[in-house]
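Residue numbers (the numbering used here), protein chains in the order written: chain A, 1 to 206; chain B, 1 to 866; chain C, 1 to 434.
Hints in this document: simulated from the structure, not taken from any laboratory. No false leads were slipped in.
Chain C side only, calculated, beta carbon under 8 Å to chain A, not exhaustive: (1) E85; (2) A89; (3) S119; (4) E133; (5) H164; (6) G166; (7) L182; (8) G187; (9) Y203; (10) G247; (11) T329; (12) A334; (13) E345.
Note that the Cβ used here is the ideal one computed from N, Cα and C, for glycine as well.
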Amino acid sequence: MSHFRIDIRQRAEEVLALYPRPRSAMLPLLHLAQEQDGYVSDEGIAEVAELTLTTPADVRGTALFYDMFHLEPVGRYVVSVCTNIACLLAGGDELLEHASDTLGCAVGATSSDGLFTLEETECLADCNFAPCVQVNHRYVRTTTPDAFDTVVSQLRAGTLDHDVPPHGTLIRVRRAGGLHAPRAEVAAERSVASAAREARTPKEPK
Amino acid sequence: MTDVIRSTVTITVNGRSIEAEPGELLIEAAERAGTYVPRFCYHPRMEPVGICRMCLVEVDSPRGATLQPACYLKVNDGMNVVTDSEKVKKAQDGVLEFLLANHPLDCPVCDKGGECPLQDQTLAHGSGETRFIEEKRHFVKPVEIGALVLLDRERCIQCARCTRFAADVAGDAQIAFAGRGDLIEVATSPTQPFDSIFSGNTVQICPVGALTAKPYRFNARPWDLEQIESTCTTCAVGCRVAVQSSGNRLTRVLGVDSEPVNHGWLCDKGRFTLESIDGNEESTNPLNAATRITEPLVRRNGNLVAVSWGEALGEAAELLRRASTTADGLGAIGGAALTNEGAFAWERLLRGVLRTDHIDAQYGDGLSAALIQALPRATIDEAAKARVVVTLTGDLREELPILFLRLRESAVRFQRSIVELNFGASALGSVAQISLPVRPGEAHLVAQALGDGTLPQEVVFTQRELNDARELIGDGGEGVVFVVGRPNVAESAEVIEHAIRLLATQFPRAKFLPALRRSNVMGALDMGLAPKLRPGRGYDAESVGRDTLEQLGAIRSGEQTAILMLGGCLLGNVLDVVGAREALDTADVVIVTGHGGASLAYADVVLPAAVQHERLGTVTNIEGRVTAVAPKIVAPGSAWPDVAIASELAEELGQSIGLASVELAAKTIEETTGYPALSVLNDSTSDGVVVGDVAERSARRPLDPMAFPGIRSTESVGLGANTGTTISADIASTTSTMPVTLLELGAFEKLEVPLADAYSLRVNLSRRLYDNGIAVQGSPSLATLKAVSVLHLNHFDLDRLGVVTGDVVGVTGARGSIRLPVALDDAVPRGVTEIAFGSLDADGNDVVRPILDGGDVIAQVRLESA
Amino acid sequence: MATLTAPRIVLSRADYADSHTLSRYLATGGYEGLRKALTMFPEAVASEVDQASLLGRGGAGFPAGRKWSMLRKAPISYLVVNGDESEPATFKDHLLLERDPNQLVEGVIIAAYALQVSSVYIFVRGEFALGLERVQQAVNDAYELGALGSKILGSEFSIDVVVHPGAGAYICGEETALIEALEGKRGFPRIKPPFFPAVAGLYGEPTVVNNVETMSNLPWIINHGGAAFAALGGGRSTGTRLFALAGRVNNPGVFEIEMVKNTFRDLIYDPQLGGGVIDDKKIKAIIPGGVSAPWFGPDLLDLPLGQDEVAEKGSMLGSGSIVVMDETTCVVRAAWRITKFFSRESCGQCTPCREGSGWIERAMYRVEHGGGRMEDIDLLLDLCDNIAPGLTWPPQQTTICVLGPSIPSSVHSAIQMFRDDFVEHVTNGGCRHD
Ligand SMILES: Cc1cc2nc3c(=O)[nH]c(=O)nc-3n(C[C@H](O)[C@H](O)[C@H](O)COP(=O)(O)O)c2cc1C
Ligand code: SF4
Ligand code: FES
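Looking at chain A on its own, in the form it has when it is part of the complex:
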């Protein structure tokens, strides 16, 4: 039984077809898993392991290398406030503190209504709007505490739904079609494929 919904599974298979080796689809597939569940669940990991011919430990370990993957449930909105050098010089620390007050949760935590998770982040490459804030990786360009509060109330009211989809949804433009050009043959990576198939050899239930 697939954990992925039919549409997600379909997109996962489209993504897999874009790479000569299934493991290459790891990051896009983890994004899809996160889109479906709002975070990367154990079930999502198992499915990605199956699709990429790897093991759950490997998928989990890989996912944890990357900041964007949350392996525990998070709020509908993940608010990221940058405090790196350009934002530091523009009051990033103060904005982060303000955000914590407004959202009512500590940095790294989720608000009690489950709506917001607050994160301190590294440079978001939008330094002309420092201090820089993203919500679900959409820039909201709220450089002042007041502007920040306005965005929060808009999010609560749902008026930003179009610009800021729920956490996990990354790319809303779907690739049109598969590959066309003849591709270089890449020898199957035996060790990787094997690890997976070995791992998937059913074990006797304990």
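Following the hints, complete the assembly by docking chains B and C with the ligands onto the known chain A.
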């Protein structure tokens, strides 16, 4: 074999010129020349990754001297290397200081304390005081990441040896790095524990105390340990090991890096089975395999009671004498658990004194001994370096784990080809180029097809797959090694033997590696413990002897009255357990030597023998390599070495077999048959010799290649040679040293395989590493890992039955019915159900064997969904 | 005064609100460069780029033409575009991805044609959700237009472009880590040798990796010729370049200006560019090329913005990010925050980088927050020296990639230039800016 012409390059290390092989890693070249470069992540049996940065040395480059990792850099001619400059020292001290920054100061309570490279390096170089005053990284204390391994993340230095081993060597990536930067940690998935059968290797190669083995944890401190080099006889691969004890208790077994055999690796069964050698002290039930028999026993008024050796031997001799007065009244079964010397001594007693030829070291679950002797033999190395390996075996990971690792490496790392003739789930299948599924009763058809290219009607693979396999193998089988075993115990050996002979005839240039799995079975056969065989791989075409199944039949029909069991448990090993019980019931005399087990219920006399790690001698592995085994501890109670038991029994019978000691037995073997024995005993820290092959011996690596020189575990301790006694045999040698040839085995008889009936499934009774044998039963750490009874079925057959994984079905065999759960397993061919031999039901009963009768060429069962 | 006579090459249409759409792109000369390129031999296209002397804009500044021709020895299998931009205060690729994705795609196709590569992956930083969508749209449009797919624009050449999202790890900007991430692994930089992905890159095959800005220059170069590009700038630093100016300036932003012809002072003070320092404060220090680069004091403000010119003074132009710190800035805090960044972003393979970054960060935190000891200052320098022996630039390294030896740059610069500030922190038991 053609000689490879090797040129060498010259490099300069600390001003000294040294020769190195082109492409050799600098760290190895320097070490051979006596310059040790410190290291943590480097392991000679894995690809270098250069991540710990401990091995930085100065290397001249066009841009001046730069710091380069010696473990990753390959030498080239004229390279100028400095390993002892101030700059190198500062860099290495810097790395060490960084490693220690977050490392806990718990050496006094750490299992690795005393043999820890990090500790050694620190003592050798560290400044002694820490400049790190920040709070150290904290993790919740040890987590149990698998049944046998614990992880203490605070101690981890992120060298990635364990994760690389798991992913690259074992192919079980159940542990992996998680996270990034200084939060990186080794972790499993919450949904899958680290249950690899190779997990113990990660503990051995962990350079700190981050990974510890549950069975060893807090058991001993390294400085209390004494160690000796030996050979593991848990299976027939014959891995070289260092056996350690503290006092008279075994504490630990470590893999020794033997170039031709195990490359330092061990499976968890071989590593942790030492628990069964000490025996479960609490258990006093001799019928329980976990109970070690320590005193001679004799049946009195229906009960086994402890007696003196004199009394037991006297009674045994009397019983044997009486039985041997009738022609063909006496036979012996077993012997794979003996050393070569023990096997030789028993052979002398049986053929020379008791005049019987009814001897068989196998339990009807192996292959014809004569056929094995007749095949052109390949070594493990030859198989691992063969252009193509063709396997006709069960799952090698379960049967001969380290052979599996060697073949896997060949495929994965060196891109050589494996053609698998597979009978069910197999770990090698995932790295094999081609897998041709074979069902019970079809192996000979598949073998024929590989030769002539015609696809038989019956088989479940395609002409194209057959053609691909044939193309890989080539015409005569040049550069091909067939690994041949007994994949399915529930199918007559004839089918596989027929297949093997067909392969040997059709591919005359191929070599064969026998994959018999039971400890020293090859040595037992080489010592003549089989019909028609004689010590030293001799063959006597004239003699007629009964094999195990024939003996059991003869006992049931009253032709044979006495049976001598040479170690091992008959009932635990034969397929036809019902017939065997009947035979034991019928027999007048049952004498058992060795360890305990269910068969003891029928014993009249029990003679306790010394086992693995308690005895001196030599053993022979699947490739015919003879190596020494060494006693590390003294056998408990008054268990004796087999040589002594056989000799004393001969004395009781009024004769001498002239083998007063193991050394004398070894000397006699070598002198009378030319079979290597004493010379191997005298050179006991070597990789031994392959029978009939006086190839030069390979250089040895230190036991623990990561370690700093001077640390205990780098030194492998050998046995002292202690012989010089002259032999005074007063009975003639019974050997004939002519090895058998395939021609002598006679013509093929047509093999009739009954048609599988459409309503039944053919049974594949496969082997699991964690079976129900003495080693596993006696080792509490392993016993929980035992296989449970599940019928594995292809999804077609599951659908046909209308059941899914976990459902319980009714199973009807020739002798009765049982109920068992099913599991989906598409590696099992259609029309077949696979179940592990010796697997137990929820109540601990062996369930499958009693419903099969073992009389047919193939076994079949009917399944009904409940 | 700044010299602002050069044409805008990569930002030519950035002022249009719909600059990211295909219709705007086609209306402003889009895909003409590709059409022209397809009439030329691939070698000729590569040679134009070589002539342009286009230095890679990703940080290392390796000439693109040479990278391509060095590879000509073995046919290249993959072209990979580096859109991971995560170097703190660098935000120029972000702009190009969002505001002119079609230009990037056209540049990529030109490069693929020149290299005769049919398989391209554009790796875009995961946090650029909008950029990802826009580049994907541009790729979809290019297929629709026939500029991608089989036999592009009626030629005999077929090419596929796949947009690959990152997932939040700075180190994936390092080209070998990026390749690992493309292979679905942790972003662990690969050990060298091989030194170039051109020898063994994606799936072990010869691979060219180029930066987004590097690629975005190609349509103009093909349209106007390599010589026209080379005529701009000076020395090895030809053409225009995007500079991302951030920190204590009145008008932070991304500016496309001619290289060498302008100085740091021009960039910071010209009213059309940075517009001067906030409240006319005095500049304390600048970071000339991303936080990996050693800092400059105000004495070097008149240095021309050229790769070699900056290198000669012991730093680098790097990713084109310039951060201005003024009198109000606490340099200890700045250096600590940069170290914290490296500590969080170290991939964790190499001991000196993994442990060193964390140690230095914690010690810097202590100094900044009042727990500093006088001996910490030299301890910090010694730890820096253990990661990058000699503390030179370009650095010597004890690690696999140059993230490691980049860690010391800010701490070393700050101590060397403003030791008194550290001493003051220790004696005052904290930061006076707090
Ligand atoms: C730690 C580190 C981070 C890097 N980050 C980036 C990056 O975000 N974007 C980029 O284009 N290049 C980055 N680079 C440089 C790339 O490794 C590579 O040199 C570049 O992508 C090549 O493209 P170019 O020749 O067009 O500049 C980074 C290098 C290092 C060592
Ligand atoms: S220097 Fe740092 S980032 Fe680079 S490979 Fe080593 S640990 Fe990773
Ligand atoms: S880097 Fe060479 S041993 Fe670790």
